[in-house]
Amino acid sequence: MLIQPYLFFDGRGEEAAHFYRDALGAEIEMLMRFNEAPDPPPADTVPADWGDKVMHASLKIGELRLMLSDGCAGDGSTPAGYALSLSVADAGTVDRTIAALAEGGEITMPADATFWSPRFGMLRDRFGVQWMVGIDG
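As numbered in the numbering used here, the sequence shown has no gaps in its residue numbers, which increase by one up to the final residue, 1592.
What the hints contain is simulated information worked out from the structure, not anything from laboratory work. Yeah, the Cβ is synthetic: ideal placement off N, Cα and C, and Gly gets one too. A few of these clues could be false.
Here are the in silico distance ranges between beta carbons for each label pair [what the hints assert, rightly or not]:
(1) A1498 - P1573: 51 to 61 Å
(2) P1497 - E1558: 31 to 41 Å
(3) E1491 - G1536: 26 to 36 Å
(4) P1496 - D1591: 13 to 23 Å
(5) A1498 - T1548: 15 to 25 Å
(6) A1568 - A1498: 29 to 39 Å
(7) A1503 - W1571: 40 to 50 Å
(8) P1565 - Y1461: 21 to 31 Å
(9) P1496 - A1568: 23 to 33 Å
Throw the hints in and build the complete structure from the sequences for me.
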């Protein structure tokens, strides 16, 4: 089995895909808009003016595949109750990654040494997604 995060951005999916590309070096493997789908979405599930919005995108970040969508009407509420955890190679990468992801968001735990990691920090990005970034100890 493999768990792959799938995030919904309520109309900001393309912005999120490009943000993660720039902040994390993510490779956008595919991005399909609602107006490119082989079949139209079921009636009343997507706002009429969302043809150019992201129906599905897949980003490769290291070994992780992060999938995202603008979702259907109202799917993009502020995420809560989870965080995405990134393991990186060194302290400099922790600091750079936190700074990049926190642009327009907020650092919720500044990076520092912890009992489980030589460098670890947490943030909420501009889309409300919580991230934990550290070195595996």
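Checked hints:
1. A1498 - P1573: 51 to 61 Å: holds (54 Å)
2. P1497 - E1558: 31 to 41 Å: About 36 Å separates the Cβ atoms of P1497 and E1558, which means 31 to 41 Å holds.
3. E1491 - G1536: 26 to 36 Å: With Cβ atoms ~32 Å apart, the hint holds.
4. P1496 - D1591: 13 to 23 Å: violated (41 Å)
5. A1498 - T1548: 15 to 25 Å: Violated - the Cβ-Cβ distance for A1498 and T1548, about 47 Å, lies outside 15 to 25 Å.
6. A1568 - A1498: 29 to 39 Å: violated (55 Å)
7. A1503 - W1571: 40 to 50 Å: holds (49 Å)
8. P1565 - Y1461: 21 to 31 Å: With a Cβ separation near 29 Å, P1565 and Y1461 satisfy 21 to 31 Å, so the hint holds.
9. P1496 - A1568: 23 to 33 Å: Since the Cβ atoms of P1496 and A1568 sit about 48 Å apart, the hinted range of 23 to 33 Å is violated.
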